[in-house]
Every structure is written in structure tokens, then in C-alpha cells.
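There are 2 protein chains.
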Amino acid sequence: MSFTHRKSIASHLHWQAKFPPGDAANAMNMLSAREVAVPPYKFSDRANKITSSVIREILKITERPEVISFAGGLPSPVTFPIELMRKAFDKVLDTQGKSALQYGPTEGYGPLREWIAANLRKSGAKVAAENIMLVSGSQQALDLLGKVLVNPGQPVLVETPTYLGALQAFNLFEPVYRSVASDEEGLKPEAITAELAKDAAFLYALPNFQNPTGRTLHEGRRRALIDRAIALNLLVIEDDPYGDLRYRGEAQPSLLSLATQAGCDNVVRMGSFSKTLAPGLRLGYIAAPTALISKLIQAKQATDLHTATVTQMAVYEVIKDGFLDTHVPRTCALYRDQCDAMLAALEQHMPEGVTWTTPEGGMFLWLTLPADKGYHSMTLLDAAVAKNVAFVPGEPFYANESVPNTLRLSFVTVPPDKIREGVKLLAEVIRAA
Amino acid sequence: MSFTHRKSIASHLHWQAKFPPGDAANAMNMLSAREVAVPPYKFSDRANKITSSVIREILKITERPEVISFAGGLPSPVTFPIELMRKAFDKVLDTQGKSALQYGPTEGYGPLREWIAANLRKSGAKVAAENIMLVSGSQQALDLLGKVLVNPGQPVLVETPTYLGALQAFNLFEPVYRSVASDEEGLKPEAITAELAKDAAFLYALPNFQNPTGRTLHEGRRRALIDRAIALNLLVIEDDPYGDLRYRGEAQPSLLSLATQAGCDNVVRMGSFSKTLAPGLRLGYIAAPTALISKLIQAKQATDLHTATVTQMAVYEVIKDGFLDTHVPRTCALYRDQCDAMLAALEQHMPEGVTWTTPEGGMFLWLTLPADKGYHSMTLLDAAVAKNVAFVPGEPFYANESVPNTLRLSFVTVPPDKIREGVKLLAEVIRAA
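One line per chain: the protein sequences are A and B, in this order. The opening position of the first sequence corresponds to residue 704 in this note's numbering, with each subsequent residue numbered one higher. The opening position of the second sequence corresponds to residue 704 in this note's numbering, with each subsequent residue numbered one higher.
Worth flagging that the hints you see were computed from the coordinates, not collected in a lab. Hints are supplied without guarantee of correctness; some may be wrong.
Since copy identity is lost for identical chains, a pair holds within one copy or between any two.
No farther apart than 27 Å at their CA atoms in a straight line, the calculated lysine-lysine pairs in the DSSO-like style are these [claimed, not checked]:
(1) Lys763 - Lys891
(2) Lys901 - Lys801
(3) Lys1023 - Lys790
(4) Lys745 - Lys829
(5) Lys891 - Lys745
(6) Lys1023 - Lys1121
So that you can see chain A by itself, here it is in the shape it has in the complex (with noise of 0.2 Å):
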């Protein structure tokens, strides 16, 4: 790699660090504004609260083929039901063709609501299909509940660290963040203290198998939450896009089973096809209590309508008849071996003083190098990439003070012999640091 697009990663990341977006995108109009003509628009506050993503940038940087990456959270494809899924729109298209193509209701299709509705009250909540409102993917779940429940200025409370899209897709309602205190379990429920908790929108938690930390939190932790939840009047976003992708350890109890089992209805609950079957169909889903998910509805409705019809109608015709129940195992078994193979090299290759997670399922574990030593994983990339692997810095996923020292690393897109090659050459690039 060359060292003009080595110096790329490291001055990119660098001047969002120096530069808050919002003054970078207003530099940047009156730059070309004395160049050229005053362009006959000018962004709105929010607007110039985003940047890209920087996950999205170090991919594009880092997708040249001999880049080993651990950065991207992409699936590996081998686990999508192509053919299933070919099949299902080949009939959906061939017995429903005109319901599949036409308009469709905004809450979604009726059938696949009432199959999440029914999946979820196995675990214990209390939810009916009129309680289920499809979305285009968990991002578009993020969306609509800051849309609904964030005013400019508004406190929500997020984990330490917490996932990046979620801080992308609610800064568009310019919140403030309150960042809830955790440790190697998760967050710390005592830390949700009444002063927190303050006129908040809301807690936004991933309770298994966290991005980026792949913590999960037990179910003493869920409970106490729960309960304090309760007391304090909170509402929590419970995201669970990897719930299912368990690789060992005893399967928790979900914040909205807990809270119905409490009498409550304080929990909004996100999942999603991605995990479970394929990203590309973009479709997910939010249950929430009759009164917030109308205003779901009515904030979807305003917002595209609704979710392709014939994407929600094939995906109904795959899972129908339990196919989840034995797909999802073996796509757990694939992922297992590769979060045994990086953990095993991660063992037998870091340095003394790094520490990492142990995930029980998901797609990331969360690295630590040592503290006292200077490491700064932004600058880290920069080294790790010219030797041909990649990661995502810790930074970005704080919304509060960040912790340098720390990076996530995901096992799911890479092959067993690779992850290994990688976490070899990754060791090499901090001993040398």
C-alpha cells in the first residue's frame, strides 16, 4: 500500500476527530461557495450533525482482496437460503403476483406479523400481531424511534461503548447522550440512577452479544434493569439483531418477556431477518405497545410508506414452516468455528497485557491493548492495514468519552485459516507498535 493512501485512513479519521461534523460541512459550503456560486441550498442543522460512516470508510479503504478484514460486520454468504429464497419469490410472484407488486399496508403483511407475534410469545411476551410493524431493516427501526420519541437537545441513554448505526441514526434528532456506565457483564443497571434517567427519551441496549463488545447481558443484570426501568417510568429499546446466533452459554430471558412477566409494557423490541437469513432483503421488525406503534405506523407511513410487499411475502414463505429451526443451527455451527478459531490464535499470538471479550454468539469480540503503554487503535490501522489487515477503532462506538485503546474485531465474513493468519499478523503489528 502506498503510503498517500496509508496517510488517507489516518488524516480521514483524524480530521472527524478535530473537526465536529457540523463545522467540517459548514467549512465546506463557504469553501465552495467563494470558489464557485453560493449553492441554492444550505443544510439543515441536522444534516450537518452526520458524517459517513467510518466503518464504511475503513471498508472502502480496505477492500482490495488481500486485505485479511476483520471490519466489516458482513455475513458470510455462505449461510443464505439462496435457492429457498429463489424459490419463494418464484411462487409469491406466481400464485400472488398482483397483492405482491400493489401497495401494501403500512404496518406491513398480515401473516408475517402474526408469525413474529407468535415467535415472540413463545419466550414469554405479551405481544399480538397488531403489536408488530415491519420495517426495512433494524437501521429503519432506529430511524422511526428517534423520528417519534427524540427532541433536539433530549437525553437518551446509550451502553459504554454502544453500536454506531444506532449513534448515526439518532443524531439526526440531535439528542444528547447519557452513556451508562459497564463492565466485562454488560451495563451496570445501578448506574441507571433517577438523575440519569431525567427527562431521557428513552435506553437503547443490545442485550446478546453486543456490537461492537459481543458482552451479553445474564439475566440477574436483565432483571434489575427491568426493574429499575420500571420504577424510574423508562422506556427501553431492547436491539437484539444477533439473539439467535448462540454459540454456547444458556439463552436469556429477553427485556420484553422480563417486562411483561413485571406487569409492564416499558419495552420496545427490535429484531431482524439479516442475521437470520439475509442483510440484502433489508427487513426487520419493532413490537412495541399499541399507542407508541401507531405512531410508528403513522411516522412510516410519512417516511416510505411501507416495506416492499414481495420481500415481506417471500421471506413469509421461507420461515412459514420452521425453517429457521434448522437453518439457524447450522449457520451457529459455522460461526462457532470461527469465534473458536480467533479466540484460539488470539491465545496463542497477543502479546502479554491485551485482553479481549469471549462472545457467547453474535458476530464481534472487542480487544484491549494495554492501557499504560500509548496504543491509539486509529493510528494502529494505519500500520495494520499496510500489513494487510483491518479492524474498526474503539473510538467511534463512544458517544461519550472514548476509550483509545480498544478495537473490535468480527469473525463472521473471514474462513477459519484466514482468521488465524490475521490475528497472527494483527499481533505482529501491535508488538511492533
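For chain A, the structure is supplied; the task is to place chain B on it using the hints.
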């Protein structure tokens, strides 16, 4: 139809008129707070500004099969190329399954961006693939443009009347609307004064077969509009979902091509495959200048990552070899007949003093009842539905002061014999009112 049922439309619409949505939603929150527990959330200010689409509410009430509905804008399903779409999904999943089901670029599928850009260049616009972003239907284009360009309280210029769905999308970003004076030939360019355009985010216009009026803006006014917009440095959003559905008269140059001719890039163009292929696919596009499309892509990334890959690839497969060149004329022939049937029936049955537009294309025409007889199309709808015929009252299409003696009729959903029968019934209802 029962009294209760009839009453529900009137009271629903009356209630909407009497209570601004924000107040109503707050009142309901307070009620439920008193009666049950305080909900663990409050809607955002912007969420309090949304209500469900009046059209969708009417559609629900009038979906009994015996009602002849001129209310909805559902394309006729006989125009959907079902078999071709089936083969296209089949081929895409058979030959490119892994990429069709994987995460894709936010801006959309490359070859489809190229196709759209080439198509726009044919009309004289200066557009590269890099200026195109695929979106989940035109409605999403409206959401993203509002997100990126509108600050709360900022003026947005709209036609009189204008597309209700655009008002719903923009409402979430809390603009104030300034209505541009219009006559039977569409908006009056000279009405766009410096005072009207001051601080405006943009002018939103539907120059071809406008929804709801069916009016077309002709070349002279288009040129005057573009000149004026350039002089005032005003951004123009050209929404053109129906442009290909022309039944008579000369095709008019797009606003985008006129801006290119004038050497200026102050026009953003929106298009859709909903009317030329099928709406259930949820596929449309935005063409915009480089700096603006980059920001829109960032906003879409935060909003839903990208539009379903498999749908984009299947649509490209269907259209890449010129299918629309033979398909669209067939759709036009069908809709022309239905449009003519409606125009003839109106001529035959409507009482003296009722006037209507003669659309050159599209899906709608606009009826004006004699102004001096106190007609109110909102209350007229009750009587109409009791006689098994439905339409959409004109009021919700006005951003500011509304004209109560107007209504919108769609001629695309119902076949000619039902159109004749429905218009006859509607004429009787008007006579009896």
C-alpha cells in the same frame, strides 16, 4: 351502510379539522395518563405533528367491494409485468444470489444508477451515475430531502394545492408552508417573489399531471420558473412520478433539463418505478448535484443503510434492454381509455356549474363544485359513500388556506364501465346535496 359507519368519516375528518394534530395527540396522552399509568414515553414535537393520511383512512372505510372508489391512487394491477418480474428475480438469485442477498452500497446498485443517469441524459439533463441515489420509493426521497434541507420553522414553497404525501413527509421536519399561487395551467412563476422565496429551503413542484389536480405546467412557465429560481438562488425539487404516463399533447422539457440548458444545477429530480413497473417494489430515485447527493447518501445510510439489493437487481434485469419502451405505451393506452371514459361521463352527468381539469396524463383529475352553493366535499363524501362511490376531498391537499368545494378523482384503478356508473352516482349525490 349503517349510520355509525357514515358518521365515522364525517366525525373523523371533522375532528382532524377542529383539533390540530399536536394538541389532539397531547390531549390523548393526558387522557390515557389519567385513566391508566403514565406511559414511559412522550412523543417528540415532530411526532405530534403527524396524523394518519386522510386518504388511507378513507380507503379503509371505503374498501367494501360494492364501493366504486375514485379515492385511491392504486395503479391497475393488469399493468404489472408479473411474469417478467418473476423471471428477473429468478435469474438474479440464480446467477448472482450471494451479492443480491448481501449488504449493498447505500447509493444503490451501480448498473441501475448508470441506467437512470443515461435515461435522464437523453432528455438533455447533465447527470452522471454519481448524481443518482436509489431510494425505497419516492416517499423516501421526500423524507430524505426534508431531513437534509429543512430546519424547524423554515419556509417551504408548495403549489396550490399540492401532493398530500409530500406535506406528510415534510411535516416531520416542521417547516412553514408558503403556497405559490396557481391557476388552471399550474403554478404562476411570477408569484415566486423574492419575498416569498426568502430563506426558503426549496420549492416543491410536480410539473407533469400533478397530484391532485392533473394539471401540467407548460414550457413557457417552466422556463420562467427556472429563470426565476436561478435569479432568486432557489432550489427546485421536481417530483415526476407520472411523467411517462402521457395520453395526449406534447411532452414538456423537464425542469432538470431546463436548468442544465441554463447552465445551472438548482434542480433536484425525483422519479419512481411505482407507476411504470409496480408500486409494491418500493423503488425510486433522486438525481441531485454532487455535494447534495453526498449528504443525501449519508442521511440514507443513517436512515436504512440501503434499499433491498435483490429488488434493484431484478428491476435492472427487467428494464435494461428497453422493456419500458414497449410496456409504458401499453399502460398509457389503458389509462387513456379510462381517463376518456371519466371525462365523457362527467360531461354527460355533471350538473351545470361543476368544472373539472382535462389531464394530459397521470392518474387524477380535479373537480370544482359551484363556489356559490356552499358545497363542502368533506361532508359530500358521507353522502357519496352511502351511495357506494368514493373520492378524496380537496381540503387536505392545501398547505394553507383550503378550497372546500374541490375533490380529487382517480381514473386508474376502476375499469371504464365502473367509471361511468360511479360518475353517474356521484352526479346524483351532488345534485341531491
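Hints and how they fare:
no., hint, result
1, Lys763 - Lys891, "neither (36 Å within a copy, 47 Å between copies)"
2, Lys901 - Lys801, "neither (50 Å within a copy, 46 Å between copies)"
3, Lys1023 - Lys790, "both (14 Å within a copy, 23 Å between copies)"
4, Lys745 - Lys829, "between (46 Å within a copy, 22 Å between copies)"
5, Lys891 - Lys745, "between (42 Å within a copy, 25 Å between copies)"
6, Lys1023 - Lys1121, "neither (36 Å within a copy, 38 Å between copies)"
Consistency with the previously given hints fails for numbers 1, 2, 6, ordered from lowest to highest.
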